[in-house]
Amino acid sequence: MTTSGLSRAIVALVIAGAWSVGTVPSAGAAAGQPPPDLQRIRALYEGASYEDAMRALDAADGASIVSGEQHATLLLYRALCLLALDRQTDAEKAVEDILSTDPLHQPGPEEPPRLVAVFDRVRARLLPSLVRDQYAAAKALFDSRQFAEAASGFERVIQLSSQVADADREKVGDLAMLAGGFLELSRARTAEAAAAHAAVVTRVFTSVDRDVVPPVPIQQEVPPWRPLVPRSLAGDTADARQGRLDVLIGPTGEVQDAVIMTSIDPHYDVALVRAAKHWKYQPATKNGVGVNYRRTILVRLVPSD
Amino acid sequence: MPESAPPGIIAVALPFEVQIYEDGRFAGTNSAEVTLPPGPHRLELINKSLGYRAVETVQVESNRATKIPSAPPMGRVSVNALPWAEVFVDGRKIGETPLAQVPIAVGAHEIVFRHPQLGEQSRSVTVTAAEPARLSVDLRK
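Keeping their order, the protein sequence lines are chains A and B.
If you read the first sequence in our numbering, its first letter stands for residue 1, the second for the next number, and so on.
If you read the second sequence in our numbering, its first letter stands for residue 1, the second for the next number, and so on.
It is worth saying that the hints were derived from the structure and are not from the lab.
Bear in mind the structure is a predicted one, so any value in this text is a computation, not a measurement.
Note that beta-carbon positions come from the ideal geometry of N, C-alpha and C, so glycine has one too.
Not one of these hints is a red herring.
Some, not all, of what chain A presents toward chain B, calculated at C-beta under 10 angstroms: (1) G47; (2) E51; (3) L80; (4) C81; (5) L85; (6) D86; (7) G108; (8) P109; (9) E110; (10) P113; (11) R114; (12) L115.
Each pair of labels, with its calculated beta carbon distance range: (13) V116(A) with A32(B): 52 to 62 angstroms; (14) A136(A) with S124(B): 54 to 64 angstroms; (15) E110(B) with G47(A): 17 to 27 angstroms; (16) D58(A) with G95(B): 17 to 27 angstroms; (17) D86(A) with Q19(B): 29 to 39 angstroms; (18) A65(B) with V116(A): 46 to 56 angstroms; (19) N63(B) with P113(A): 49 to 59 angstroms; (20) G47(A) with P72(B): 20 to 30 angstroms; (21) E110(B) with A148(A): 53 to 63 angstroms; (22) S124(B) with A117(A): 26 to 36 angstroms; (23) P37(B) with A117(A): 54 to 64 angstroms.
With the rest of the complex left out, here is chain B (with noise of 0.2 angstroms):
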């Protein structure tokens, strides 16, 4: 392929934003459109205050989008209620307390806490891929 072909174009398929470096240069963020030119890409994205860093190696085509990461960062959460409650992230049920370990997206999110009798109590929460979240809540208050 001639050097005056067009570039492509990276699509960072992250709901945060991450930092995109080739063999250790900078290439860009997420917030603004990265180019690069068609063929073979090492490359790293990172993000420090979330714990993620990934590496993908992509074929990236002239005037064409190639999607990265090819699978979502996942971290995990502890959750737990007082005496117990449904919980709910991002509207999904996930589960009846104590819940531990529970895969979830990197990234925030609502959790929501859910007991018949005592209502429910929601709580916003950022999963790093670095440790676990832990949440809990007291629902007799």
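Chain A with its partners taken away, still in its complex shape (with noise of 0.2 angstroms):
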């Protein structure tokens, strides 16, 4: 991050908290102390009162950080801090948090030498380390079937390990080929999983598909029958009727299409199908996921009266 780009996170931070203003603080907001006042820190640090701006960076430490960005600027505002007052230790310690949490962090073209040397050397010493635990939690992203996640971790890995110095490459191994052989089979797992969603969600299902858990209605009222001549009169002339209602409902439970497959009545089939794409249901899904269905429904008309 280079200093112009630690103002443009600023001025994006002080937006997003005049926003805050009037909504309801988040449990962690209400819990800690308010966001750090991060113009305020970097006005100390650019007039060289980094004595104060070290103290109203330990302010901050006890203060609701709202993004990592935010905890990344205020770690690299604490390491110039420390170089200046020439703790070098100190601020290699800064800059070993940025780097544990992203372990790819360069320091912007602009940034002072000084603290670009302390970076190089950091990064050297961890960069094993680094490599490790890289590899660690991409594998285990992998093994729980995270692919695009892992795939991301194990490009890591490889860019992590093609800057480990020759000195350090025993104590990295075989990890940069694993990576790579690992990145390979998560790039064609996200592919063949995508592959396989698109088509779980454009196909639709229907009851022949044992693997599909059907949908559960929630609202699927009919509208009220009023056959023209009452039963009291028409006697045992007045029969049952019965069709047949296809309704197509979507991966949300939402009715798509209602189509008369039998026609019950000719008047009743419109209002019938105007009610039915009102109908609500707990969507069908596959593997977890809410899926097209298509349900037949046998509707039976008895006379009420």
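With the hints as a guide, dock the two chains, each given alone in a separate frame, to form the complex.
This is the structure in structure tokens:
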């Protein structure tokens, strides 16, 4: 992050702070201190008031951190102030914290060369363990079948491994080669999953598909039927009527289409289709994913009077 | 040593003016020659605007100059530059920004901030013994 990058981050955070006025604070914000005043910290640092900037940074430690970027910005100012105060070891610790969170973080081209040198030194020292940690994290994601996230992790391992000094190569062993293999596997599995997902979400399932959990009605009311000739007058000639309706239920449980397959009564058919388009379902699911489902509903009407 | 022995001279090696007191009595300033009778003296040197105060015990010898103070008074300066700069004080490089609490002699100095692409800017600063001077420049402007 460059010094100008710091400015941008601060502006963005200030706007975010302004927006939060009048909203219900999150649990974290309510429990901690107010968000740190990054503008003030920046002004103190730029004005060479390093001791005051450090006090403000210490106070910000207890604050509710609103973003990872804000946290990294605070650590960067801490490192810069500690460098100014000639506290090299503490400055390296701050940089270590930045790299532990974001191993690929690179200081911007405008950052003071002294800070860039600290980054180079700390990164060189941490790289072997960062590579091992990143590999373990990526492998855990792979094992839990989070292939897209695992692929990103293995990419980081490869990128970090390329920066390991020759003298430290033994410390990372074959992790870069292993990460390359798992990266290919992760990408392949991600592509397969995407294709399978696309196939599932566009296909229309029916009761024939035994691996699909059918939809469950939440609201499926049929309109009342009032025959033209009341049952009391029609006597035994008053027949019950029945017909067949197909409804297409979408992956969110909304009825996307309703079609009369066998007519019940020309007038009643219209009312039934209109009502059916407002029915609500718990959607059908395949492997936990909502899918399209065509359900056939038999409607039987019995005169009530 | 007889009382009629010729006095000695107090040579104040400071780049700024101080008032000289002995036992609470004003003895002179370093803008003019200060003479004292031979023998031991306990002198207090003061410049209030620079926050400078030093006590010197000297042995004045007849017809000779006695240099005070024994150690140059030091203050501190903290400097910064955007995006960063090499820093020179009176022509001598003291490091690269950010720099805090750099020891520097009390008094007026010229500080130059130099960046390989953005050029240089010069500032005058008066360093006191009381508190660190702070100076920052934006070389991008």
